[in-house]
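Chains A and B supply the protein sequences, listed in that same order.
At position 311 of the first sequence the residue is numbered 311 (the numbering used here), and the sequence of numbers has no breaks.
If you count the second sequence from 1, you need to add 1000 to reach the numbering used here.
Hints are computed from structural coordinates only; laboratory data are not their basis.
The structure presented is a predicted model; accordingly, all values stated were derived computationally and were not measured.
Some hints here could point you the wrong way.
[Stated by the list, open to error] To spell it out: a stretch of chain B is covered by chain A in this simulated footprint if at least three of its residues, at any positions, have a beta carbon under 8 Å from a beta carbon of chain A; those stretches are:
#1 1116-1122
#2 1125-1134
#3 1214-1221
Even glycine gets a Cβ: it sits at the ideal position worked out from N, Cα and C.
Each chain, letter by letter, is given below.
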Amino acid sequence: MRTRQLLARTASTIASATLVAAVAACGASGSSRPSNMITVSDSQCGSTWHVAKPGWNTFQINNQGVNGAEVDLTDPANGAIYAEVENIGPGTVTPMSLDVGSGKYEFLCLFSDSSPMTGPAVTVAGDVKGTPAIAPITYNELIPLAKEYQADLEAGIKVLASETDTLKAAVASGNLTAAKSDWLTAHLQYETLGDAYGAFGNYDTEIDGRADAVGVTSAQWTGFYRLEYGLWHGQSAAELTAVARTLDSDVHALLAWWPSQQITLSDLGRRAHEQIENALEFQLTGHDDYGSGTTLASTVASIQASRTLLNLLHPLLAARYSGLQQVYTDLDNLQARLEKEHLPSGWWVPVSSLPTQTREQIDAACDQALTDLAPVASITEPRNAAHDF
Amino acid sequence: MTSESPSPQPAPGRRSFLRGVAGGVAGGVVAGGAAGAAAGYAAHRPTANPEAEANAAIVTGTAPAVPFHGKYQAGILPHPQRATAVVSFTATAASRAELTDLFQTVTDRSRFLTAGGTPPAVGIGGPPADSGVLGPTVVPDGLTVTFGVGATLFDDRYGLAALKPAHLTPMKPFPNDDLDPAQTDGDLILQLSAGNADTVLHGLRDIAKNTRGGMQANWRIDGFASPARPTGTVPRNLMGFMDGISNPSVTSAAEMDSLVWVQPGAAGEPAWTAGGSYLVVRLIRMLVEFWDRVDIGEQETMFGRRKDSGYPLDATGIYATPDYSADPTGDIIPLTAHMRLANPRTAQSTSSRILRRAYNYDRGLDEVGDLDMGLVFTCFQQNIKRQFEAVQTRLIDEPLVDYISPFGGGYFLALPGVTGPSDYFGRGLLA
Chain A
1 MRTRQLLART
11 ASTIASATLV
21 AAVAACGASG
31 SSRPSNMITV
41 SDSQCGSTWH
51 VAKPGWNTFQ
61 INNQGVNGAE
71 VDLTDPANGA
81 IYAEVENIGP
91 GTVTPMSLDV
101 GSGKYEFLCL
111 FSDSSPMTGP
121 AVTVAGDVKG
131 TPAIAPITYN
141 ELIPLAKEYQ
151 ADLEAGIKVL
161 ASETDTLKAA
171 VASGNLTAAK
181 SDWLTAHLQY
191 ETLGDAYGAF
201 GNYDTEIDGR
211 ADAVGVTSAQ
221 WTGFYRLEYG
231 LWHGQSAAEL
241 TAVARTLDSD
251 VHALLAWWPS
261 QQITLSDLGR
271 RAHEQIENAL
281 EFQLTGHDDY
291 GSGTTLASTV
301 ASIQASRTLL
311 NLLHPLLAAR
321 YSGLQQVYTD
331 LDNLQARLEK
341 EHLPSGWWVP
351 VSSLPTQTRE
361 QIDAACDQAL
371 TDLAPVASIT
381 EPRNAAHDF
Chain B
1001 MTSESPSPQP
1011 APGRRSFLRG
1021 VAGGVAGGVV
1031 AGGAAGAAAG
1041 YAAHRPTANP
1051 EAEANAAIVT
1061 GTAPAVPFHG
1071 KYQAGILPHP
1081 QRATAVVSFT
1091 ATAASRAELT
1101 DLFQTVTDRS
1111 RFLTAGGTPP
1121 AVGIGGPPAD
1131 SGVLGPTVVP
1141 DGLTVTFGVG
1151 ATLFDDRYGL
1161 AALKPAHLTP
1171 MKPFPNDDLD
1181 PAQTDGDLIL
1191 QLSAGNADTV
1201 LHGLRDIAKN
1211 TRGGMQANWR
1221 IDGFASPARP
1231 TGTVPRNLMG
1241 FMDGISNPSV
1251 TSAAEMDSLV
1261 WVQPGAAGEP
1271 AWTAGGSYLV
1281 VRLIRMLVEF
1291 WDRVDIGEQE
1301 TMFGRRKDSG
1311 YPLDATGIYA
1321 TPDYSADPTG
1331 DIIPLTAHMR
1341 LANPRTAQST
1351 SSRILRRAYN
1361 YDRGLDEVGD
1371 LDMGLVFTCF
1381 QQNIKRQFEA
1391 VQTRLIDEPL
1401 VDYISPFGGG
1411 YFLALPGVTG
1421 PSDYFGRGLL
1431 A
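Next up, chain B with everything else stripped away, as it sits in the complex:
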């Protein structure tokens, strides 16, 4: 079946907050085709020039579908895509049954949006089923939808307290934070990432439209990942430094099992969390005007890397491993350098590594006319305390704190993947 002659699938059963016109047509997308999605290319770097291929697909908006079904959610391991939206919601579903409907609706919509296809015709029975932002046929554009739950969902509203993930708490404020409660935490988190911003916004509108009664948006931030400049290097943050060079290997199942995926049993985690991963979101304003008045030597010693090349100060090569044992007093890479504190590369620090997935954000101007931009820091891990909080504790009072201001975000558990057409987000939690 081609995208021009799809046949509508039966609309899902009506739910309390699922529109009658919801549903859609799975188009003829070559899921997981030769090159995989843009996200797929990136996840498996380096291979035979996948980047050029992915870039071309992004420019034309034709990145293939990222398979939605799987043991793990598809949006966790890939490198950041060009566009993302991170949205926190308050669950407004009136009961456990309505909450289950909500999770099923988010699943149904995500399944359709990530595959693409033609929205159903409604005739004269209502307004169009789709916003039309992506044209008459919804294209996948590498869209991934990552759905997670926050600690507050496990309060007394839905009877879920006994099933709370062992390490899920409200976000801990660190000494240099300036957290705005209106932009912190939430019952639910949704992250949509794709090759282009229109795809992300289309997906967000579609999911919001179909879940009106079940959840209300709480805070939102949009992000973007820059192309690697120069080509073949690593994308930069808005301080001009390459970001996320040192990460666990997403192609190593052993590393992912020990660092990213929740392992129930061992750590007192409820069984339903298997295949999930803790997501930490930190919204970090960068005081870029101030930063741009700082000389290059000071900038580089704060990070521990060269700004132009991304090389560690003691090495030649982006991915070269800094040799801290040869520099015990920090003469070359200061002991307080961001990268040295974040990952001291000791035997003890190995288990605190996180899968770092940061995006840049730009929100225009603040109330006094300064540029409001920074980092949508997201990371995935098995255990927030052992990983993110350990890293962040080492970073307390690092020199960089003068130039940044963390103001929001939250702790969440990204749910286990949706394994097939009859599965849905959080089935193990809600069923």
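Isolated chain A (complex conformation):
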């Protein structure tokens, strides 16, 4: 084995040197040959390599190992990542492209079945700007945030459960005017928790499911929207009492189940924008308006849900994402625009009644927030950093 590896390494070095010479001879022409082959395996993470010149470089990551690999190009000083290629199958060659600026670089190889390795470091001299390196966020950094998030949501579900208690009682008493108001309070509390990205599993279908798959007359349809449909379509208190009771009991079941859940760490960043993506798709289109005309209020609640996650991630994001302050500004702008449609009665202008220009202003504010939110999930994806090993 050892001999073979040595041979392979030698061959790779020679090939690389030959190509560099060829590239130099024709002035960095667009040769499609692998001028920057980085061979990785369970015993090496790129042998001798160098950067022919700063600027756009493509490295060909050649996984000669028997396992899948992730290869990062990192700054050896602090483990910050310039480029990352995940899920490199054994026996495959995958390009990694980046704009190489001045600085220090080393490859970090992560195999599914063996310890991480780093390769030789390379320094690019001068003062050239390139793709910036971003310090990875590790699993260890996210775990306490996930616990905090879980506790925050547990407190929120408790509030929700008392609100659905009230709602259930109002429906049972036959006071449907109070029930409508209680419905809005409880539903917005639920939306504030942020049900995006399957946080609540099947409970979300039971508590906040749409009629899409089953139809509005189906007995299978339960939850807030079912109750909204009934309250705003003239259904009687007698008819809705069971609906409100089921909703309340599902919320209590969620409350009992939630503390046992393990939060997927990568979901923290994803949910920060998924809240707003869901609002754009289902609330700002009016899709989820089953009669109350309060989807703009639901969007405001989703903004709150997104803010909860951003605030949690803020200490990790602040140094890594220069657009973070803009995200907060965008969310403020969106919320301020939405609040203009909040009526003195406490109810809201339905999306279907918005003049085109108003709808476009709201959509523009939402789209801008989403555009600026998008990097959050990439940056906060949990990664193992070189300095962890």
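Fit chain B to the supplied structure of chain A, relying on the hints for placement.
Quick look at chain B alone, frame taken from chain A:
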């Protein structure tokens, strides 16, 4: 520098609705090379078989870049390309400064998209900068981006009222129109045209993605230009007739100066409009099922041309000039024939000629299962009243109106060209 070893240009400064990852790498495109872009070939027809050359480039998606910088926008004079998208936007920028940012962003993105190149790498800092629809390196494919403004942009939102182009109004409804307000007019108009639909859609997505907060799409229609059938003739519309045979000569600077380019001073136009051109878009449904039940003689007398050859009914040759003076009572070409009304070829009608640039559209089926297809009629001119409206007024109640239904579109001013790397769309208006 080749397209395989580009070096990223510095990303433009962050703007309120310009993503941090925006920007891109100008690739090694031979702009304005020997043959020019597909659009370029077409614009200079006839030369030594440019069409075959352009067609080959379109099929392979390798049409060269159309130079973006110039006194005039590059998408105005060329013949229609194979694919186009016409999109009207509402400006949602909150202030004049944000509107300026918007126009600068549209400029930056258009400059990159028309030249092609490699989008920047973002590392782990966000989702990819580019949709990847055109592969890892953005190819120009003859893309042109034409950007214009509508009358409503000059309301009280941005303090631009005093700078409104003299002839810019909301689109005038004509007696046979059935205009849908949701598909009519708009603050801004964007037309992307290229050799292939993927290039058009890639460009649209890129511009929309980088301008999320600044403008919202209002209505959109996609169009296509057919190949000339038979080869060497003129592309046909979906009624089967050749379309846009008679046009001013785009190679005649004198004709363009008198018919297409806005000339400030003379007509009370503000100075900033110099190099601009009024764009009229008319979305015209063709009732093709009905049309296909009409006999050929009636079809041909409605247009005034032979369907198969494109010849005027009184002549032999596509580009032959009909002799209306020899046919004063319309025995051969009826007085109500579309082409005779549109361009009577009199001394008085000369100044009403327009640069006609029509595309076909196909939107599937309407709500009762009829084919929804027709014409994305676009034309450029110096003065809408003197030109398009004069022509359209002559066409009121022409026999063809039974078979078509104009339902949308708008009046716009296509902005002056972007003259160089530091210039931007509408600088004269906004600076």
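Now for the hints, and whether the structure bears them out:
1. 1116-1122: holds (count 4)
2. 1125-1134: Our answer is that it holds, as 3 residues pass the Cβ test (under 8 Å) against chain A, meeting three.
3. 1214-1221: holds (count 4)
Going through the hint list in order, the structure satisfies each hint without exception.
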